[in-house]
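Number of protein chains: 4
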Amino acid sequence: MNNKNKETLNEIEEQYNVRTDLAIEAREMVGEEDVEIKGVEVIVDNINDIDLSITKVNILDEYGAKELNKPIGSYITMECELMKQNDPEAHEKIVRELAKQLNELVKVDKDMTVLIVGLGNRDVTPDSLGPRAVSNILVTRHLFKEFGEPEGDGLNKVSAIIPGVMGQTGMETFEIIQGIVNKVKPSVVIAIDALASRRTSRVNSTIQIADTGVHPGSGVGNRRQGLTKESLGVPVIAIGVPTVVDAATIVNDTMEELLVEMKKQAKENSEIYDMINNISEQEKYQLIKEILYPYVGNMFVTPKEIDAVIKRLSNIIASSLNIMLQPSMEFDEITKFLS
Amino acid sequence: MNNKNKETLNEIEEQYNVRTDLAIEAREMVGEEDVEIKGVEVIVDNINDIDLSITKVNILDEYGAKELNKPIGSYITMECELMKQNDPEAHEKIVRELAKQLNELVKVDKDMTVLIVGLGNRDVTPDSLGPRAVSNILVTRHLFKEFGEPEGDGLNKVSAIIPGVMGQTGMETFEIIQGIVNKVKPSVVIAIDALASRRTSRVNSTIQIADTGVHPGSGVGNRRQGLTKESLGVPVIAIGVPTVVDAATIVNDTMEELLVEMKKQAKENSEIYDMINNISEQEKYQLIKEILYPYVGNMFVTPKEIDAVIKRLSNIIASSLNIMLQPSMEFDEITKFLS
Amino acid sequence: MNNKNKETLNEIEEQYNVRTDLAIEAREMVGEEDVEIKGVEVIVDNINDIDLSITKVNILDEYGAKELNKPIGSYITMECELMKQNDPEAHEKIVRELAKQLNELVKVDKDMTVLIVGLGNRDVTPDSLGPRAVSNILVTRHLFKEFGEPEGDGLNKVSAIIPGVMGQTGMETFEIIQGIVNKVKPSVVIAIDALASRRTSRVNSTIQIADTGVHPGSGVGNRRQGLTKESLGVPVIAIGVPTVVDAATIVNDTMEELLVEMKKQAKENSEIYDMINNISEQEKYQLIKEILYPYVGNMFVTPKEIDAVIKRLSNIIASSLNIMLQPSMEFDEITKFLS
Amino acid sequence: MNNKNKETLNEIEEQYNVRTDLAIEAREMVGEEDVEIKGVEVIVDNINDIDLSITKVNILDEYGAKELNKPIGSYITMECELMKQNDPEAHEKIVRELAKQLNELVKVDKDMTVLIVGLGNRDVTPDSLGPRAVSNILVTRHLFKEFGEPEGDGLNKVSAIIPGVMGQTGMETFEIIQGIVNKVKPSVVIAIDALASRRTSRVNSTIQIADTGVHPGSGVGNRRQGLTKESLGVPVIAIGVPTVVDAATIVNDTMEELLVEMKKQAKENSEIYDMINNISEQEKYQLIKEILYPYVGNMFVTPKEIDAVIKRLSNIIASSLNIMLQPSMEFDEITKFLS
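These protein sequence lines map, in sequence, to chains A, B, C and D.
Under the working numbering, the first residue of the first sequence is numbered 405, with each subsequent residue one higher.
Under the working numbering, the first residue of the second sequence is numbered 405, with each subsequent residue one higher.
Under the working numbering, the first residue of the third sequence is numbered 405, with each subsequent residue one higher.
Under the working numbering, the first residue of the fourth sequence is numbered 405, with each subsequent residue one higher.
No lab work stands behind these hints: they were computed from the structure.
Careful, some of the hints might be misleading.
It does not matter which identical chain is used: a pair holds within one copy or between any two.
As the list claims (entries may be wrong) - Straight line, CA to CA, 16 Å or less: simulated EDC-like cross-link-like pairs of lysine to aspartate or glutamate:
1) Lys693 / Glu661
2) Lys668 / Glu687
3) Lys693 / Glu665
4) Lys504 / Glu734
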């Protein structure tokens, strides 16, 4: 089908612009860590006992936004290898820290209604992070509508939706969410999504939260239209975890590393050195297409244990949100609502 | 929790009003088959080779509506034992007949957009009929938006949503659907739902379609607010299958049958005869509560093979909708889109 | 098909002999609590803070075995409403108590190999308790074979199997397990199974463990041949939870209670009193068949939230086994191995 | 943990010996298509309307076995892009052709009992081919045991088992299967397994059947001990589909292709030409490790739609086996038994 072909071509084009959903990687791509970038502030923190690093990238102005190719706003990245492992003690610490960081981006009180949105395709394991997390959110808004304010409980009003992806609904995610937002009028939207990373070392061990919403072309499944304060009329907090590296990135990086290695061995200004420098981007992409044919824009690299890992990560995110959204409840009470 | 208790009480109350979602059962409860009811028209048809019976109950006016406790409109019931069995040949016949009957309730053309809604809880097997059917609908609306009208294909515009239930979203299903309808502006809504029946003989072998929408208190999960032309502003077609009998109904019917049996054995006007007639509804409901304690309003009677049966029924409904919505496609082409 | 009919008839016959898998119910059916039965010892204990009652029924000799229609041996029943609710604190207490009770039936040491067997059909929710529990067992036997004894860990050797049901394998569960036992030579077999109860009040809130193995006709799915010390040559511990009441039992109990109620209202020796006493078993079973037609031997009564409840119960059982089988590990370490 | 590390190291070592489960790829690695290899016979056939190619590689003697690093026997490979797409018409043709090819490897009659074994981990999508296929096999052996030979049906005796993987059972698959074979005494074992391929172009569009059984180190999950006529005492037919390429293979192939490309551009005998030739295997594997760190031996490349594709492939295999094992039944009757 013609349309199908057009779509595939677009996807390949997108691979060409080697893309990352993580501000921390966008920052790395611009230059060395110690060189300051105008309009960008980076603050690094560590929680040593579980080797958790927290990096805040604040994009302060248009200049910084252009440099990093990301909108003005705050991006907080938590990295910890234990996230993806079965370690409930470490997970409790990560959950509490993530709740603390979320609290810095949005303050929830009892007069607000929160709408949590689980983006992605529940039937494609690496893309199912959002739907799975939402299925463990403690929703409460209907209790207020049915019974009036539950006495003494001090609950906040939380609602949640798993909209599905365009191939399942025939609608843009944005259309569905805007329709619901117009009708239900939440005070803030929190969207959870699976992301793509440039590095296998970050896959499933990184959580990024940002106050800039979800942007077109983000996510494992390539959303077409953003969910932002501009488009929805209410603030949008984004929570994302890179769950895959696309195969084209792995192939591309392999070539880069091989060429770097060869350069090291060659004498500077030698024939080899020049030749390596002259291999065109076009030639490289040609190679990517040959290696991955006939799949190209549609192959993922995932760890074998991806099903178990996605379950852990979605539980971490759901628990953090439950704690942060219902501060009157104890940690143990919160887990009672998980299934 | 107080609210919880209030909810349970409401549910028990609802059991008291022995309720059916099927017009054909509402008709049966009013009186014998051969006695005409004012304002109600009943037409029966049969397809003999698969023993499929088709009953149309047309409620013509307010009088009929009051008698049957259902809104004015057309209700078509298809009954066939082979629906729940693994019989692809019979299923193809049922699929084609259901598509034909749907066509009598709504005519789709290329200027319309259809929104299919899968009601119910995908995580509760007997309530998952709607979500499962929707996951096999051929959605096409996004193709028009992205590429303009697909040339030569003659496709109609179909979109679909699985909204979840109130306990999962904190929102009324009605709020979600109205929000989407306002934004996406479909020409007609088709809602698929699991129903409750009064009889085990109808469970999983009956499909009801109606042009009157979905009404409060219908369905396995007790929707609170209806999806109707009045509430949404566009026509609403309902497709339902009774997938459970609630346990209270079974217990109630057991008592009734036992009492009828005893009456037959007793002499008329005897002491026993009077006593049986005098057992109050209150005493009967007291017994129901004792038998089912501590579950009461929350126990279902289901056949053991319910998982396989729900899969078959949702495939039948999805295939019928795909055929009826995309008349330019062949039966075999349609099944290509099923997963 | 003829064979199918024969099978259904057998199943109806089985309903006639109103059957229970629980020794505690077999005891109740024999007579009042305070009347001693020869050859049967009953010891009751309570853990008050979570309202957990522990009943040991010891069948001491052939006389007791005949009275209760169960083999000689120890049957321990733990009953607690919180089992089926989402209450992790209560579950930790139940897990530890169950581990303690299991330890009284079998002592595991490092020279033994344990084989855990998850009976039942993983695709039928109420029958999936065994398969789900086994999927959370910490298996270790292969580590010894591959690497020699893991140093310092003090692990015991545990293996596990989910054999499937006869309709899936074409083999008796007994054939599969005996084949594996002959080859792998475990020191003890522990079999986990979903049971049928006579009472909704016990469904999903009762765990029975016994040192007498699994017997023909037990379980939701009607095993045909037992797993016992006699048949397998090694001791067999059985762990079971009643997860359903069959619909025929509910209907039967409804009639019984109604008749008892009517008797109370009638004068003794009156016409009614006699008539009620004279309703034959045959007449009652005829009624059951009419009420449940066309399903009869194949209808279950389950609570709506059965999927979530089975998950909780299987986690409780798996955690207890993990604690009891790996005493050198901490509770928190054990949960690390759960997925 | 030490053992864990040892295991990972072994896995990396295995990547070093770039390995394929497909005889057709082993053949390709030995040399050009048109150069004959002693002891190896290759016959190619095509079914044009669905572009299905069938390649038989017969390894005739020890010499051929050594050359291809595969045991003596027949290997039949069917390749067709439509396998992985949703095309029921093409699938019916593939199903019938596969049944025909299977019939050439094993003739089943009514005095035989067949045991189908579904290898792999049902919880890891690309490894779940075997378990999913087995769940759609028409098992019949128990009908003979319970009712005697079903009259007039002309059924063959089929049994099936999903043994799980070593990490789930603590037992070698071989131990479980040998135990069952010793007890149940089938005439032939047919084992279904997910394989690894060297090429993305073969992933999910290739089925290999062979009369040589399943060998150590085959499959996505690295079985340790083979299932062969030698080890089990009965003939073993293997059916496999490559469902993944491991990430190390993709990275390795990328380097190879890049180096080949550079060689073409360099003058022969030039400095670059020599340098490229001198890059050691060791240096290449070092690069693989860096690119894939920290995952290395545990990263798969899969297409995004893997869940749907595995479902299609397992249905194709199950249908072929059902047709071939029950020749007295019609194609449409066979599909009645699928769920």
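Results for each hint:
1. Lys693 / Glu661: Result: close only across copies, 12 Å inter versus 18 Å intra.
2. Lys668 / Glu687: between (21 Å within a copy, 13 Å between copies)
3. Lys693 / Glu665: Classified as between; 14 Å across copies, 23 Å inside a copy.
4. Lys504 / Glu734: within (15 Å within a copy, 29 Å between copies)
Consistency note: the structure conflicts with none of the earlier hints.
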